[in-house]
Every structure is written in structure tokens, then in C-alpha cells.
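Engineer: Protein chains in written order, with this note's numbering: chain A, 8 to 121; chain B, 8 to 122.
Wrong hints could be hidden among the right ones.
What the hints assert, rightly or not - The calculated lysine to aspartate or glutamate pairs, modelled on EDC-like cross-linking and capped at a C-alpha distance of 20 Å, are:
| # | chain 1 | residue 1 | chain 2 | residue 2 |
| --- | --- | --- | --- | --- |
| 1 | B | Lys85 | B | Glu24 |
| 2 | A | Lys103 | B | Asp38 |
| 3 | A | Lys64 | A | Glu82 |
| 4 | A | Lys103 | B | Glu59 |
| 5 | B | Lys85 | B | Glu22 |
| 6 | B | Lys62 | A | Asp108 |
| 7 | B | Lys85 | B | Glu59 |
| 8 | B | Lys77 | B | Asp33 |
| 9 | B | Lys80 | B | Glu36 |
If you're looking for bench data, these hints aren't it; they were derived computationally from the structure.
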Amino acid sequence: KAGVTQTPRYLIKTRGQQVTLSCSPISGHRSVSWYQQTPGQGLQFLFEYFSETQRNKGNFPGRFSGRQFSNSRSEMNVSTLELGDSALYLCASSLKAGVTDTQYFGPGTRLTVL
Amino acid sequence: AQTVTQSQPEMSVQEAETVTLSCTYDTSESDYYLFWYKQPPSRQMILVIRQEAYKQQNATENRFSVNFQKAAKSFSLKISDSQLGDAAMYFCAYRSPNTGNQFYFGTGTSLTVIP
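So that you can see chain B by itself, here it is in the shape it has in the complex:
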């Protein structure tokens, strides 16, 4: 089965600073998608950003961007100009049509934003 690893259980960042959350994954598939989901204390998971494996260009959504290194199987999330509302648990996830489209999630990184 595919595995997704988030090696940083907790991270903190000063408000307005930049933070990078790490994620690595293991797969033999060539067609897959990677995601970052945010789960704030309210518990509702929200999609932050998505990356298609066939695209070389890194995805960007406003203050959120990824560094996708396909050969290294690495998919990190950079949050710029961190805001208090960014405090949440962040999950990296993998999905492939060859594995039934189900999500494989990492264990999550808890991000604290310090005012």
C-alpha cells in the first residue's frame, strides 16, 4: 500500500513569517495526485492545495505553495505570511486512480501560529 510520511508532528511559526511542512510518500505509480488538507479545531477538513504528478510546475494558491520533487517523492507545503487562522492540523494525502481513488493520509503536522 502507498504510504505517506509527515515527519514533523508539531511546528510553530511567528505571525507573518514563512513555514514549510514536510511530506514524503512512497509509490510505484506514475499517475497520482497529492494534496494538503487543513483541519482546524472545528474539525472540518479543508482542501488547501493540490498537485498533479504529471505537472512539473509547483501548485500555488495565494499564500500557499508546494515544492514537488517527484524523483525524491517529496511534497512540502510552504505557508507565507502566516496568519493566526492558519493554525491547524495539516495532512498530506496521496490519491491514485490505480488504487481506487482512495486517499492515503499522513499522520499530520500540528501548526501553531505565534502572535
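This is chain A alone, in the form it adopts within the complex:
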């Protein structure tokens, strides 16, 4: 079974631009979560989607948004990029959204904002 895939793997943008990252979960998984990883703040939860509905959202500004499609694929959008948005963005999928459901992580998208 294929793992979680994220596209693109690397991205370079300039301040003020917007960006869309994509995550394809493991086949059959209906829950997708997004995390931001930076050297300063570590791993921080962005949001979780289950069956196209956002179930939970972390403490990030409204510039960060996401959605999930009927095939469980998810996209994350960041508008009006800031230098501080440079990070590794990780996506994780699980079968359902329960606390005992193991989350499987993708390789991440490295976003650099210049």
C-alpha cells in the first residue's frame, strides 16, 4: 500500500505570495492532519480534517486554511506569505479520527519564503 504523499516536496516563494500544498493520504484513510515544523517552534498542529470536515484547528492565523476533498485528499493554503512561514509542512493520515488511530506521516513539503 502506498504511503502518504505530499506535493511538491520543495517550494520557494516570495513574501506576499500565496501557496497551496497537497497531501494524498494512504488509501482508505479518511483523516488528514497538518503540522508545521520549524527549528524555533518545533512541531505545531495546524488542523485536522475528517470526511471533508475540519474537526480541529491549531493556533494559527487565518492566512492558513485547508480543505479536504471527497477522495480524502487534502490541500493546505497559506496566503500573504511571511518570512516566518518558512518551514517543513507535514501531513499525516489515519484511518479514522480517533485518538487511538495511528497517524502515518508523509515526507513533508519544504517551503522557503524569500
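Once you've looked at the hints, dock chain B against the given chain A.
Structural biologist: What follows is chain B alone, placed relative to chain A:
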């Protein structure tokens, strides 16, 4: 918010030896789960081991075991017979159904395995 603390930014261990990574957490919840994730240089996070708070028995997965001290809110990871492939960043994480099931991660411990 729940906090997870890993006080050892870096650790090293000789190949075939044993190493213990520390983790403490702060919560007022009684129902929660604790995890250790490994992130090798390839960057893909991998679940190492999981512990349910209601279980007194420490979880074990092959060479990996935990020492879960609920009263002390401590959750350390022991790696026995360390191998070169164990070199990675290790993250301790907390999750509770009462906080939306989101993960709270520690800052990580970078483990080096010396041949």
C-alpha cells in the same frame, strides 16, 4: 495547553549499547496517550511506540521500551542494542480525546549512534 518537554536536545550512544531518552509532560487529563516518533534524516516521521495512560504496564516494541511514570508525568524511551539505523530525531508526543485528539510534540532529541 498541554506541554511536552524533552530536556535532552542531543544524545549519543555507542552501537550495541543502551540509551534512554527523557520526556515529561503536563496535563490535568486522566485519559490520554503518549507516543514516541522517530524522524530520520529522510524526514518521514515514524511511530516507534505508544502508551495508553490507563495501562500500568510499560509498552514494548522489540528493542524499544518505555518507562511510564504516570504520577511523575514522565515517559522515557529506552533503546536497547542500539543500531546505526536508530540515528534520528526522536519526538515525544501527547494526545487526548479531550483536547481534540491533536498531537502536542516535544522539541525533540537528536540521537547519534557511534560505530
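Engineer: Please flag the earlier hints that this structure goes against, numbers listed from lowest up.
Structural biologist: none
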